[in-house]
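J.: Line order of the protein sequences matches chains A and B. Under UniProt numbering, the first sequence has 265 at position 265, and the numbering climbs by one with no breaks. Under UniProt numbering, the second sequence has 40 at position 40, and the numbering climbs by one with no breaks.
Simulated from the structure, these hints should not be mistaken for laboratory data. The reader is advised that the hints may include incorrect statements.
[Stated by the list, open to error] Quick list of simulated restraints, FRET-style, between CB atoms: (1) 90/A with 72/B: 28 to 36 angstroms; (2) 66/B with 334/A: 23 to 31 angstroms; (3) 109/B with 319/A: 54 to 62 angstroms; (4) 310/A with 233/B: 57 to 65 angstroms; (5) 334/A with 72/B: 14 to 22 angstroms; (6) 165/A with 622/B: 55 to 63 angstroms; (7) 101/B with 248/A: 49 to 57 angstroms; (8) 71/A with 622/B: 55 to 63 angstroms.
[Stated by the list, open to error] Taking lysine to aspartate or glutamate pairs in the EDC-like style, the calculated list, with each CA pair at most 16 angstroms apart, reads: (9) 298/A with 659/B; (10) 287/B with 338/B; (11) 549/B with 420/B; (12) 303/B with 401/B; (13) 287/B with 333/B; (14) 298/A with 51/A; (15) 342/B with 371/B; (16) 298/A with 328/A; (17) 650/B with 331/A; (18) 141/A with 104/A; (19) 298/A with 401/B; (20) 298/A with 653/B.
[Stated by the list, open to error] Short, incomplete list of chain A residues facing chain B, as computed with Cβ under 8 angstroms: (21) 179; (22) 242; (23) 244; (24) 247; (25) 291; (26) 292; (27) 293; (28) 294; (29) 295; (30) 298; (31) 328; (32) 332; (33) 333; (34) 335; (35) 336; (36) 338.
All of these numbers come straight from a predicted model, not from anything done at the bench. C-beta: ideal position from N, C-alpha, C; glycine also.
One letter stands for each residue in the lines below.
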Amino acid sequence: MHDTEQTHPLRVPRHIQQQPVQLVAAQAEQFAATFEALASAVDTVVLGKQEVVRLALTAMFAQGHILLEDVPGTGKTTLARTIAAAVSGQWRRIQFTPDLLPSDVSGVTIFNQASGAFEFHPGPVFANIVIADEINRASPKTQSALLEVMEEGRVTVDGNPHQVPQPFLVVATQNPVEMDGTYRLPEAQLDRFLVKLSVGYPVEAAEIEVLRGTHQRSPEHLSPVVDTDTVAQMAEMAKHVYIAEPLYAYLVQLANATRNHPQVAVGVSPRGLIALTRAASVFALSQGRTYIIPEDVKALAGPVFTHRIQLAPDAAMRGTTGAAIVADAFEQVPVPLPASAA
Amino acid sequence: MSAPGIAAPARRGRRTRYRLRVATVAACLTLMCVVAGAVAARVYHGQTLLLLVAGAAFGAFAIGFALRNRPSFLAPSLSATGLAAYLLGAIVLTSDGTDPLGTTIVDALVNAVPRTLTALIPVEPVPDTVVVPVFLTWLAATLSCEFAIRYGRTLLGCLPPTLLYGAGLYLVGPNADAGPLFAVAFCVLAAAALAVTAAPPERRPDRDATVEGQAPSRTPALMGAVVTTTVLLAAVAVLGPAAARLVTTSPGDPREYVEPPQLTDIDLNPLVRIAQWAQFPDQELFKADTSADAWMRLAVLTKYDGTTWQAEGDFRTAGTVIPGAGEATYSADVEIIELGGKLVPAAADPAGVTDLPIAVNLYTKCLLTPDGLATGTSFHVDSALVPEPTGVETARPDLSDPATVTLPPAPPEIMTQIAEYINTTFDTPYERAQGLADFLSQHYAFDPEAPSGHDLPALGFFLGSPVTAGGQTGTSEQFAASYAIIARMVGLPSRVVVGFDVPAGSSTVTAAQGQAWPEVAFDGPGWVRFDPMPAAGVAPIPPEDTLEKMEEETPSPEEAEGGGGEAEDFNDEALEQDGDFNEEAGQEDAGIPRWVWYAAAALLLACVPLALKARRALRRRRRLRTGTPAERVAGAWAEVLAEAARAGVKIPDHANAEEAAVRLSALKADIGPLPRLVNAAAFAPGAVSEADADAATGLVAPFSRTIRHQVKWMRRVLT
Numbered sequence: 001m002h003d004t005e006q007t008h009p010l011r012v013p014r015h016i017q018q019q020p021v022q023l024v025a026a027q028a029e030q031f032a033a034t035f036e037a038l039a040s041a042v043d044t045v046v047l048g049k050q051e052v053v054r055l056a057l058t059a060m061f062a063q064g065h066i067l068l069e070d071v072p073g074t075g076k077t078t079l080a081r082t083i084a085a086a087v088s089g090q091w092r093r094i095q096f097t098p099d100l101l102p103s104d105v106s107g108v109t110i111f112n113q114a115s116g117a118f119e120f121h122p123g124p125v126f127a128n129i130v131i132a133d134e135i136n137r138a139s140p141k142t143q144s145a146l147l148e149v150m151e152e153g154r155v156t157v158d159g160n161p162h163q164v165p166q167p168f169l170v171v172a173t174q175n176p177v178e179m180d181g182t183y184r185l186p187e188a189q190l191d192r193f194l195v196k197l198s199v200g201y202p203v204e205a206a207e208i209e210v211l212r213g214t215h216q217r218s219p220e221h222l223s224p225v226v227d228t229d230t231v232a233q234m235a236e237m238a239k240h241v242y243i244a245e246p247l248y249a250y251l252v253q254l255a256n257a258t259r260n261h262p263q264v265a266v267g268v269s270p271r272g273l274i275a276l277t278r279a280a281s282v283f284a285l286s287q288g289r290t291y292i293i294p295e296d297v298k299a300l301a302g303p304v305f306t307h308r309i310q311l312a313p314d315a316a317m318r319g320t321t322g323a324a325i326v327a328d329a330f331e332q333v334p335v336p337l338p339a340s341a342a
Numbered sequence: 001m002s003a004p005g006i007a008a009p010a011r012r013g014r015r016t017r018y019r020l021r022v023a024t025v026a027a028c029l030t031l032m033c034v035v036a037g038a039v040a041a042r043v044y045h046g047q048t049l050l051l052l053v054a055g056a057a058f059g060a061f062a063i064g065f066a067l068r069n070r071p072s073f074l075a076p077s078l079s080a081t082g083l084a085a086y087l088l089g090a091i092v093l094t095s096d097g098t099d100p101l102g103t104t105i106v107d108a109l110v111n112a113v114p115r116t117l118t119a120l121i122p123v124e125p126v127p128d129t130v131v132v133p134v135f136l137t138w139l140a141a142t143l144s145c146e147f148a149i150r151y152g153r154t155l156l157g158c159l160p161p162t163l164l165y166g167a168g169l170y171l172v173g174p175n176a177d178a179g180p181l182f183a184v185a186f187c188v189l190a191a192a193a194l195a196v197t198a199a200p201p202e203r204r205p206d207r208d209a210t211v212e213g214q215a216p217s218r219t220p221a222l223m224g225a226v227v228t229t230t231v232l233l234a235a236v237a238v239l240g241p242a243a244a245r246l247v248t249t250s251p252g253d254p255r256e257y258v259e260p261p262q263l264t265d266i267d268l269n270p271l272v273r274i275a276q277w278a279q280f281p282d283q284e285l286f287k288a289d290t291s292a293d294a295w296m297r298l299a300v301l302t303k304y305d306g307t308t309w310q311a312e313g314d315f316r317t318a319g320t321v322i323p324g325a326g327e328a329t330y331s332a333d334v335e336i337i338e339l340g341g342k343l344v345p346a347a348a349d350p351a352g353v354t355d356l357p358i359a360v361n362l363y364t365k366c367l368l369t370p371d372g373l374a375t376g377t378s379f380h381v382d383s384a385l386v387p388e389p390t391g392v393e394t395a396r397p398d399l400s401d402p403a404t405v406t407l408p409p410a411p412p413e414i415m416t417q418i419a420e421y422i423n424t425t426f427d428t429p430y431e432r433a434q435g436l437a438d439f440l441s442q443h444y445a446f447d448p449e450a451p452s453g454h455d456l457p458a459l460g461f462f463l464g465s466p467v468t469a470g471g472q473t474g475t476s477e478q479f480a481a482s483y484a485i486i487a488r489m490v491g492l493p494s495r496v497v498v499g500f501d502v503p504a505g506s507s508t509v510t511a512a513q514g515q516a517w518p519e520v521a522f523d524g525p526g527w528v529r530f531d532p533m534p535a536a537g538v539a540p541i542p543p544e545d546t547l548e549k550m551e552e553e554t555p556s557p558e559e560a561e562g563g564g565g566e567a568e569d570f571n572d573e574a575l576e577q578d579g580d581f582n583e584e585a586g587q588e589d590a591g592i593p594r595w596v597w598y599a600a601a602a603l604l605l606a607c608v609p610l611a612l613k614a615r616r617a618l619r620r621r622r623r624l625r626t627g628t629p630a631e632r633v634a635g636a637w638a639e640v641l642a643e644a645a646r647a648g649v650k651i652p653d654h655a656n657a658e659e660a661a662v663r664l665s666a667l668k669a670d671i672g673p674l675p676r677l678v679n680a681a682a683f684a685p686g687a688v689s690e691a692d693a694d695a696a697t698g699l700v701a702p703f704s705r706t707i708r709h710q711v712k713w714m715r716r717v718l719t
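Could you put together the complete structure from these sequences and hints?
T.: Shown next as structure tokens:
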């Protein structure tokens, strides 16, 4: 995969990477095929969760980070590990605990007596895919160690910046029901996750199938389907998906609808809107399209918007959810189809 | 990634077309405001108010239109400033300058509403009466511009002019004709505005030059508006007369709620002045400089309760112009000497009064000055003299006003005898009216010393008592009062008028010229004056001689049954056979038979479904066969949604194509790849080919056929 710069159909030629590019259908179909191959590989380990798998992969190609939240035992870590295994890059896992220190995540500078100089020892965050297991068990100080690397792709230790390898993806998991000894992720941290997904229990048939092949289905047995270079190229291609002008207005109106909702304290941020656009671009390519349609926006608005919406206290007390707010927003904003404007 | 831009010339072309369309909408709405203002201006004197409301409409729209793309707070702020300046200008323009400007402005603003609603027709355009129409017109134009031009909601933009139109109709009340031309013009302008309606803000090229796609063509909407307007106009023209006959109530008049100027006792019953004037004939009442001989009326007395004749008390404040009068043919300069009271002498019908605040009785056209007459009061009055009545000999009595035929209870026996005499002796209404005048003038004598009084006993004494007892002599008070009552007894509508016989030129009118006279209403000629006063120097014939002779000549009941001398009932249906009285009625019935109107109306209504069907077919043809492939796909989508709506499945505007397809599946009709194609047409540049467009448009007809049975009958006909 490293020597296919001139021939790989997914590759965007370097001389036009800096200017607007109109993708052709063949590129989109190749993207969709690769995406589907990767998803199918993950599906062999994570059974019955095709939609979650595709959303997670969408986030990965959109160069966003994933927060998996669900009760224990539903396969969050397995999904994260399987995605890491399917991509032949470097991956690390960090088990977050209350006594975990920021330096345990980002790395430390140690004096080397032999060389007589300080040397930087990178932490586990220096990998293409970082699995942050049970991220909410670490202290806020340690959680904050991830802020810089998730947003800017680098770690600053002792005033020296250190770039993490690209592509860089954080797949974090957390348990929503067990709150003792945990620290709720701050809004700034949540906003850095492109999507928040819930795995959920598998359907009965899939669960039976899980029981049948417990030993055979493991991320360790999965062969990589793509390498990190290919992932980076596919992510680059997603930046060139065509977005019609009316859709920009549609997206902004959706965000405004969440901001102006009476039950919302803080609506979707511009970062959230950018995240949705990126995710929708990848989603469109995964469907073999070179352009975004409103269906893409609707499919991804829930995972992208929900965790970014801060409900008003009374609305939260009444059990209103972010998903309900997003649904309300879609009810309020007309889709820019030709017939609706005629 | 940037979207491929639209070619600059094409974008400019679209922008030019869009601006033309918006300008057309703005012009139509402006003219609607002008028409609405013109409706109210019909009750104003002159063209001043019409010009003011037209200026207000244009001014408000100009500000709103110029600021349509600026922040929304700017337009109201500047419009309010413009309104204040325009109101100030209107006040200055209509003020007579007698009061300081500040006082005039405050007075106009404080009293504008009550004075506008209570001023008599035609309303004088003064600061008090122009502020409200100008303000409302400006407000309506501003709101209309905001709704239609800024927000692109043309239908909502038509609401303020419509409300203004309604306010104008309320202000006019029953004081002007229906004004069908205004209504037609208003409807045509509204239809035109809706036909070339503005686009919503998100599709406005001059605000956002990077808008994608083609602006929707307005041809179908235009054709629909033309067809609908034509059908509506035809329906109004055909059904209007029939519908108007079904409406029996007149519009409400806000002036009815105003407390009219009150008459004093002496003005309520000025007939009592006659005896005083007869006793002091040299009393100088007023000076008059007139252009012709005329009877100047002081009061018209219609109500009689057996005791007094009373004037109508329904006076309303007027300006210098009296409504309803024709061109002035008579003028008089009057200076009051000793004439008292509030009633103002003027020849019928007064057309205008200057130098005196005036109220007028709209029915009798009598004048009143609220502050009363005083020595030295002078004024100028113009009148449209009532021409000599023609055709009165064959006219029927006008019985439209019950008050003019109401009889007092238990009139004296002598009145009944005289009435029987008149009925027996004369045939036609005019002969009876003139015969009654002749009877009184020939059988009774004028006596300036006769006591005052016109209650029933006094009149019975005047008519029936012997000369030796002081009867059979009286003043014009008794002559006119007796005539009016007896006229009502023979079926003639009557009233008593008090006034003066004023010669042409400059003269001093004395009490000797004061007189009361009766008038009889005829259908067509109107009120006709009769003179029952005896000629000077002619000895009266004892009335009992004439009446006894009549009794002797009266035939037996059997002979009377044969049609000998019974009183003729002019309202009897049998009289309809008499040619003398039926000419006009016959002409009325000679029109187009009513069933023709009904048939024409039914035919037009039957054409409505056909017109709608034709409109639908034209719209479908345009949508599916013209334009780029993307436009044809969009047209196919629009047709499918329209057909689904007719079948009762409405797609909300927040539904995307996939969701719409799910909803449409309830109709069990295949739309194939249409959702995918419409997404490609809307959101992918050049992604739709001619083959795709053919495939999309080819789906529409089978879809329509499949769901046809699910469209309700009424919707099939009326949508």
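J.: Hints first: check each against the structure and report whether it holds.
T.: Tested hints:
| no. | hint | result |
| --- | --- | --- |
| 1 | 90/A with 72/B: 28 to 36 angstroms | violated (55 angstroms) |
| 2 | 66/B with 334/A: 23 to 31 angstroms | holds (29 angstroms) |
| 3 | 109/B with 319/A: 54 to 62 angstroms | holds (56 angstroms) |
| 4 | 310/A with 233/B: 57 to 65 angstroms | holds (59 angstroms) |
| 5 | 334/A with 72/B: 14 to 22 angstroms | holds (21 angstroms) |
| 6 | 165/A with 622/B: 55 to 63 angstroms | holds (59 angstroms) |
| 7 | 101/B with 248/A: 49 to 57 angstroms | holds (55 angstroms) |
| 8 | 71/A with 622/B: 55 to 63 angstroms | holds (58 angstroms) |
| 9 | 298/A with 659/B | holds (11 angstroms) |
| 10 | 287/B with 338/B | holds (10 angstroms) |
| 11 | 549/B with 420/B | holds (12 angstroms) |
| 12 | 303/B with 401/B | holds (11 angstroms) |
| 13 | 287/B with 333/B | holds (8 angstroms) |
| 14 | 298/A with 51/A | holds (14 angstroms) |
| 15 | 342/B with 371/B | holds (7 angstroms) |
| 16 | 298/A with 328/A | holds (12 angstroms) |
| 17 | 650/B with 331/A | holds (15 angstroms) |
| 18 | 141/A with 104/A | holds (12 angstroms) |
| 19 | 298/A with 401/B | violated (75 angstroms) |
| 20 | 298/A with 653/B | holds (14 angstroms) |
| 21 | 179 | violated (37 angstroms) |
| 22 | 242 | holds (6 angstroms) |
| 23 | 244 | holds (4 angstroms) |
| 24 | 247 | holds (6 angstroms) |
| 25 | 291 | holds (4 angstroms) |
| 26 | 292 | holds (7 angstroms) |
| 27 | 293 | holds (4 angstroms) |
| 28 | 294 | holds (4 angstroms) |
| 29 | 295 | holds (5 angstroms) |
| 30 | 298 | holds (6 angstroms) |
| 31 | 328 | violated (10 angstroms) |
| 32 | 332 | holds (7 angstroms) |
| 33 | 333 | holds (6 angstroms) |
| 34 | 335 | holds (5 angstroms) |
| 35 | 336 | holds (7 angstroms) |
| 36 | 338 | holds (3 angstroms) |
Comparing the model with each numbered hint stated earlier shows that hints 1, 19, 21 and 31 do not hold.
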